[in-house]
Amino acid sequence: MIRDAPGTCWQADDGLHINTRGLAPPDPMIAILWRIEQPDQNGPIIAHFDRNPVHLFVELEERGWSHDYLNNDLGEVRLLLRKQT
Amino acid sequence: MNMANSFLGGAQDRLLPASIPFRFFLAAALFHVLAWAILFVGAEEVASFRGGPGKTLAAIHLVTLGVLTMAAMGASYQLLPVVTRRPLARDGPARLSFWLMVPGIVILTLGMGLATPSTMLVGAALVCGGLLLFLVLTADNLRRASSLPVVSTHGWLALVSLVILATLGILLIVDFESGFLDSHSDLALIHMIIGSFGFMGFLVLGLSLVLVPMFALSQSPSRTPGWLQAALTSLMLACISGAIFFEILSLFWISATLAIIAACCYLWLMRSALASRMRKRLGLSFVLIRASWAMMVLALALGVAWLADAPLPNAPTLTGFVILVGWLLTFLFGILQRIMPFLASMHAADKSGRPQLLSELTPENPLKVHLICHFTAILMCVTGIVINESLVLQGGAVFGLIGAVAFLTFATRVTLKLRHGK
Numbered sequence: 001m002i003r004d005a006p007g008t009c010w011q012a013d014d015g016l017h018i019n020t021r022g023l024a025p026p027d028p029m030i031a032i033l034w035r036i037e038q039p040d041q042n043g044p045i046i047a048h049f050d051r052n053p054v055h056l057f058v059e060l061e062e063r064g065w066s067h068d069y070l071n072n073d074l075g076e077v078r079l080l081l082r083k084q085t
Numbered sequence: 001m002n003m004a005n006s007f008l009g010g011a012q013d014r015l016l017p018a019s020i021p022f023r024f025f026l027a028a029a030l031f032h033v034l035a036w037a038i039l040f041v042g043a044e045e046v047a048s049f050r051g052g053p054g055k056t057l058a059a060i061h062l063v064t065l066g067v068l069t070m071a072a073m074g075a076s077y078q079l080l081p082v083v084t085r086r087p088l089a090r091d092g093p094a095r096l097s098f099w100l101m102v103p104g105i106v107i108l109t110l111g112m113g114l115a116t117p118s119t120m121l122v123g124a125a126l127v128c129g130g131l132l133l134f135l136v137l138t139a140d141n142l143r144r145a146s147s148l149p150v151v152s153t154h155g156w157l158a159l160v161s162l163v164i165l166a167t168l169g170i171l172l173i174v175d176f177e178s179g180f181l182d183s184h185s186d187l188a189l190i191h192m193i194i195g196s197f198g199f200m201g202f203l204v205l206g207l208s209l210v211l212v213p214m215f216a217l218s219q220s221p222s223r224t225p226g227w228l229q230a231a232l233t234s235l236m237l238a239c240i241s242g243a244i245f246f247e248i249l250s251l252f253w254i255s256a257t258l259a260i261i262a263a264c265c266y267l268w269l270m271r272s273a274l275a276s277r278m279r280k281r282l283g284l285s286f287v288l289i290r291a292s293w294a295m296m297v298l299a300l301a302l303g304v305a306w307l308a309d310a311p312l313p314n315a316p317t318l319t320g321f322v323i324l325v326g327w328l329l330t331f332l333f334g335i336l337q338r339i340m341p342f343l344a345s346m347h348a349a350d351k352s353g354r355p356q357l358l359s360e361l362t363p364e365n366p367l368k369v370h371l372i373c374h375f376t377a378i379l380m381c382v383t384g385i386v387i388n389e390s391l392v393l394q395g396g397a398v399f400g401l402i403g404a405v406a407f408l409t410f411a412t413r414v415t416l417k418l419r420h421g422k
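Heads up: the protein sequence lines correspond to chains S and D, in order.
Using the working numbering, the first residue of the first sequence is number 1, and each one after it goes up by one.
Using the working numbering, the first residue of the second sequence is number 1, and each one after it goes up by one.
Calculated directly from the structure, the hints in this document are not laboratory data.
One thing to keep in mind: the hints can contain errors.
Facing chain D, a subset of chain S residues (Cβ under 10 Å, in silico) [said to hold, decoys possible]:
#	residue
1	Pro-6
2	Pro-26
3	Met-29
4	Asp-40
5	Glu-59
Where is the CB? At the ideal position from N, CA and C, for every residue including glycine.
Kindly produce the complete structure, drawing on both the sequences and the hints.
This is the structure:
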């Protein structure tokens, strides 16, 4: 098992921020999935990416998490991830 | 269109149109059916095959070009831009490469089956045109890629191998008519080794570093063994080509040693990826992928036994079959049955922007039939080659054919779901 997920994270007023920028694939996806699978993790999560994480959406859907775009600029994509009720 | 949709629209724009990879995958599935059918018809000459035109050569090229190369092209067009974080420069050349490859493979293999070098040359010219477009597009993508240097290096090595492979292929076809080569069989053997361990081998080794962790959900593996496997495989290919061409026995043994160490690096990387995975149930695809790794080891063992003059009946055919069908085809179908629903899910997002669940897009029954028939086919064909019995080979080809039809059913159903989902 992965003991410590890649990427950095910090808690802010708007939720848990996870920065995956600079990571090589598939580490951005692992960084998010590992953290949402932690016990008591109900979000919201603000995830930072270098590019649109198209491969992540299927995995989020399967785990019952939704995603909304906060920002989709060239060079940085920010997603708001929420656990579906 | 709401904000989410407009953003998703942007996301989808960055994906290659689904029709491009899927046409390659469907064509690969169709050529797979044809390959087993030709093997069935030409079963009598398979065990004793040592090169030259005929049905066996046609079946081999339906596998190598029709199945392996077509699937590799579709997957590379779709996945390399994702892996290297650089979009494909243009869609048009990728579509054109498909329309050159399909008739090219049909004409080339028809020429091989009928033993008419002029037909082979026409087919080879079309295939080379398609491969050239693939090479230019992929090289352009790799050139602009700064991340994942290990994977990119494997991509470059695969392209270099492809140039050597295609050049040797053309030379061999011309030689069928003019007979200008002194060492046709030596060059044919180098052509086969560069094709399987060079072009396809580097793609398998390189893409595994991303795809296996992505499917198993584990962190990207450490770089050093990745560099090592690329360097050792390159050195092995240079050594074995020299060994065959100059007939130096010691170089054969050095090549075998290098190949075994490279395989150990690869297997260690794959084991590490699986040991740290987050996904517990890996499904049918990993039964195939794991079996392909075992077949790779078996192929190397057979190669060493052949080299050591071990009393192994039809060793060249047996080794070639285990490499092509046992290792490469098994690995490919393991990967394809994961990639196709995955891509379909991303492309077939509904109007809310939510992707469809993989389970909804993966018809399991055809995959179960394919798995059982594929392994039965390998077992029967290997037995048929060893005991030199064409009836057993034909039985294996029938199972292979049923498995291929099952996989084609799977591929068609995923494609139809993708079309209906849009």
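_Does S:Asp-40 hold up as a contact with chain D if the rule is Cβ-Cβ below 10 Å?_
18 Å, violated
*Hint status (Cβ of S:Pro-6 to nearest Cβ of chain D, threshold 10 Å)*: With a minimum Cβ separation of about 6 Å from chain D (threshold 10 Å), the hint on S:Pro-6 holds.
*Hint check: is the beta carbon of S:Glu-59 less than 10 Å from a beta carbon of chain D?*
S:Glu-59 check passes; min Cβ-Cβ to chain D is 8 Å, inside 10 Å.
_Tell me if the interface restraint on S:Pro-26 is satisfied: Cβ within less than 10 Å of some Cβ in chain D._
4 Å, holds
*Would the stated hint for S:Met-29 survive a check requiring a Cβ distance to chain D of less than 10 Å?*
7 Å, holds
When held up to the earlier numbered hints, the structure conflicts with hint 4 and nothing else.
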